[in-house]
Amino acid sequence: MSEAAVSEAGPTPGVDGLVDDWSADKQTYHVPWGKAMMWIFLVSDTFIFTCFLTGYLNVRLTTTQPWPPQSEIFALSFGGDPIPLILIAIMTFILITSSGTMALAVNFGYRRDKVKTFWFMVATAAFGASFVGMQAFEWSKLILEEGVRPWGNPFGAPQFGSVFFMITGFHGLHVSAGVIYLLTVAFKVRKGHYEKKGYEIVEIAGLYWHFVDLVWVFIFAFFYLL
Amino acid sequence: MAYVPLADQDAETEMHHPHSWVTKYVWSQDHKVIAIQYGGIAIAVGCVALVLSLLMRMQLGFPETFDLIDPSSYYQSVTMHGMIMVVYLLTALFLGGFGNYLIPLMCGARDMVFPFLNMLSVWVYLLSVLILMASFFVGGGPTGAGWTLYPPQTSMAGTPGNGMGIILMLVSLAVFIVAFTMGGLNYVTTVFQYRCRGLTMMRLPLSVWGILVATILGLFAFPALLVSAVMMLFDTLLGTSFFMPAIIESGTPLDYDGGSPILFQHLFWFFGHPEVYIVALPAFGLVSDVLSTHARKNIFGYRMMVWAIIAIGGLSFIVWAHHMYVSGMNPYFGFFFATTTLIIAVPTALKVYNWVLTLWEGDIRLNAPMYFAIGFIFTFIHGGLTGLFLGNVVIDLPLSDTYFVVAHFHMVMGVSPVLVLFAALYHWYPKVTGRMYHEGMAKVHFWCTFIGTYAIYLPMHYLGFLGVPRRYYAMGTTDFIPESAQDLNTAITIAALFVGVSQLLFFINIFWSLRNGKEAGPNPWGSASLEWQTPDTPPAHGNWGDELPTVYRWAYDYSVPGAHQDFIPQNTPESEEPTVDDQHFDPDHDVSKADL
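Top to bottom, those sequences are chains A and B.
In terms of my numbering, the first sequence is residues 2 to 227.
In terms of my numbering, the second sequence is residues 1290 to 1885.
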């Protein structure tokens, strides 16, 4: 039988061995189908955000007007002097914290602790929802008070508003979808839906969530700091 | 990690057995039904594009004769013809159609890994087609910006369909990308994770390799199109200036400032060039299997064919700007992209040599699929050679906006993939329907198509050298174009009408044969690959009956010395038939030489 043939051969050294192993008659990746598919999807999604950010950097170079000072626009005052980027810093902190709770949820999932998994997933979703809430606050402040529009703004290059709404909007959609996804999985976990199938689904949802956080780090660096 | 054969693992999805006519044929989760749905929609929308091209040819061949075609409808026809053929016909038919049908059967799987997502994919694809077709019925008609949709002219006055037309086009593309992503994730995951016992990657038929790499290209390239579509939608709907510079329209300055039209071209071609290979790689794969089966000989240099597919896929991401030599780039970019473009000719030429060497001393059976496959080798070499001209900056500059380019890309990514499509449709028709097509009619169809397309595109190269510009509604009279060019245009139009009408033979054939074709039996071609070894023909739901197959050899054991017949199915154990496949990767042992 074929097992005999495979096990007798033994590992081949070098690149040939790598190719042999990778292309053998078993699953190429030792992960569930859903996890493999999520990884491939995330690579594809990476290309989307890369194109968005590259497009943003390009129009920032081609635009004829000066780029607005982000640190002043995104400053917030709590009674005293305005603190630059304070809201964005809080949002970033919250999103990164949510990655921590997500990792705990994955851990408790594999320990088959349904209650803790559920609550850590709900906490993650709550962090995500508060992120989206603060984003809504930021948007309405910019639109209503500062007069920033997709087609123009009082500070300088019109592309500033276009890029801001497009990129943070697209990322915000990802976070919102993630919150719905996390809550769906969390409630199914609580019902014991995955007792038989195993809790890889928590990790798969976590992969997506970490990805969304990672993307935010790049948006933070390239759009807010640069 | 312990070795766990796939077949011994628990299936992760339960089979969704259809219970009624609706779940069996309409909301079906069976990859074979989905494949036929994809194929049917793609071919139907392809017919629309074919009619559009004939309208264009009638205008060019007989100017000032037809009231039906005015400059606007001419440009709309150019645009819709191009976009439909490239995206909605070729991409959808190769990946959605053949990918869906062949991947699970060739991998020995029961279905795709996520059948529900697969079903969603085809219905979202239908939605994108409907949105695209809707643009024919809105005010201003479909967009006439050319299939590349270059801004700023897409949304400027004077371009037909600059309102709803372009919006519907962009929305339709975005929806198509969603559909493709759902399908594409399935195809890739299925090939990686759901192969049957014994089926190593290096035993996969080249069809699967071609479709796999093309799908990966699609998953990485379509994001650029999605992003450019979103940004252009913003420019059109919200008045942003991503792609729109400060510009004056009919004497009035528009409210745009500081955008970059070149950015769109980069994003578009970062999608657009891999797209060429999204269409070409499945064609390479399918034609390899057809050639090998009908030549009764293993494919020459299988491992090199696989590496060539991977190399072409990788290189296709760093050649995009060769579409932009005339756009005004830094000349050093031109040098870089010309170099990478010419390097891509190496693995491509390797594949052509290997196809020819597969035919060499083969026991060639000239069935209709073989006609189309050999015809493909001709048209592909032809289009590939003119590609070497256009890949060089200095030669491309004068030729770029002439009919030479039209002739080049129609030979290499129009006619060539379509010939493979016909080869593959005839080749797998007996498996899909259980009946044989009409051989004579298929051969007449081949000769009409093959000679007809040469009659169309060979003269176009000459028109290009004369400097006849492409995308012109009418030439009028100019000093540098001789009047005889018009005679040539008339001849091309007659040939095009002939080819267009002769495609009816194909439709008559496949519909007539559904009822009246001979019973095909399970394996009419004597093919070694797995999809011909199913217990039922056409394969039943679940494909393999009670037990998944086990594979003992590659898909190309033809004319093996000492075997009982001139092919050995992939699932025949070593104990029953000799093994000659190259699983042990011995570089000194060249299987290809075994039967020379």
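Each hint should be verified, as a subset may be incorrect.
As the list claims (entries may be wrong) - Which bits of chain A does chain B cover? Going by a derived footprint, with three or more residues having C-beta under 8 Å, they are:
| no. | region |
| --- | --- |
| 1 | 21 to 30 |
| 2 | 156 to 167 |
| 3 | 182 to 192 |
If you're looking for bench data, these hints aren't it; they were derived computationally from the structure.
Beta carbons are placed, not taken as given, at the ideal position from N, Cα and C, and that holds for glycine.
Here is what the structure says about each hint:
Only when three residues or more bring their CB closer than 8 Å to a CB of chain B does the claim for the region 21 to 30 of chain A stand; here the count is 9, and the claim holds. Check on the region 156 to 167 of chain A: 6 of its residues sit with their Cβ under 8 Å from a Cβ of chain B, so the three-residue criterion for coverage holds. Check result for the region 182 to 192 of chain A against chain B: violated, 0 residues qualifying (beta carbon to beta carbon below 8 Å, three or more required).
Figure legend: structure checked against the earlier numbered hints; the only hint not met is number 3.
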